[in-house]
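Counting with full-length UniProt numbering, you get residues 1 to 179 for the letters of the sequence shown.
A couple of the hints might just be wrong.
As the list claims (entries may be wrong) - Straight-line Cα separation of at most 27 Å, DSSO-like style, residue types lysine-lysine; simulated pairs:
#	residue 1	residue 2
1	Lys84	Lys2
2	Lys18	Lys153
3	Lys84	Lys153
Keep in mind that the hints were calculated from the coordinates and are not lab data.
None of these values were measured; they are calculated from a predicted model.
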Amino acid sequence: MKTVRLTLICHALTQAQKVGRLHRTDDGILPLTQQPDAMLPGMQLLAAPERRACETATWLAGQVQVEPGLADCDLGHWQGLALKQLQAEQPGALAQWLQDPASAPHGGESFAALCQRLAAWLAAFDRPGDWLAVTHPMVMRAVLVEVLGCPMKASQRIDVLPLSRLDLSFTGQWRLRLE
């Protein structure tokens, strides 16, 4: 069995993140001010299908494979709404969503469903070698919940900043890899 090394990287900063607005599929990244760590020779690059992930991946390297399984959480009719607006207009629904991982008051995907989707994606990921995958904060939280086997509510205690990395390895089971 060959080792799989998978590094998830969060997409670069977006205007939505900067102003406290929930994401939209077509959100692009802001101009980049820092140079990311270089990709290792032989590393292959994946990107979630959303524009912000693809733009970040293109910035890292030219050859990108779009990976639908890395898609961000579907926020339904909340896409693009400001958090302040939700707090003012739907405080109960927002509180429910933040407290109950199985809830989806926005009509989209719950965090529990996202965790299940990412668990299935990880279970099926059997491509040996070194991989870099550009994705989203909620996806990275879901992956951590799966790999560490922690309660889904623990994801609320994880900050995933733009361009942050999560290193994993697989040799029979997924492991968090600290460097």
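Next on the checklist: Does Lys2 sit within 27 Å of Lys84, going by the straight-line distance between their CA atoms?
Outcome noted: Measuring from Cα to Cα gives roughly 48 Å; hence the hint is violated.
Quiz item: Between Lys84 and Lys153, does the CA-CA distance stay at or below 27 Å?
Solution: 22 Å, holds
Checking one constraint from the list: CA of Lys18 to CA of Lys153, max 27 Å. Satisfied? Distance of about 24 Å is within 27 Å: holds.
Checked against the numbered hints listed earlier, the structure breaks hint 1 alone; every other hint is satisfied.
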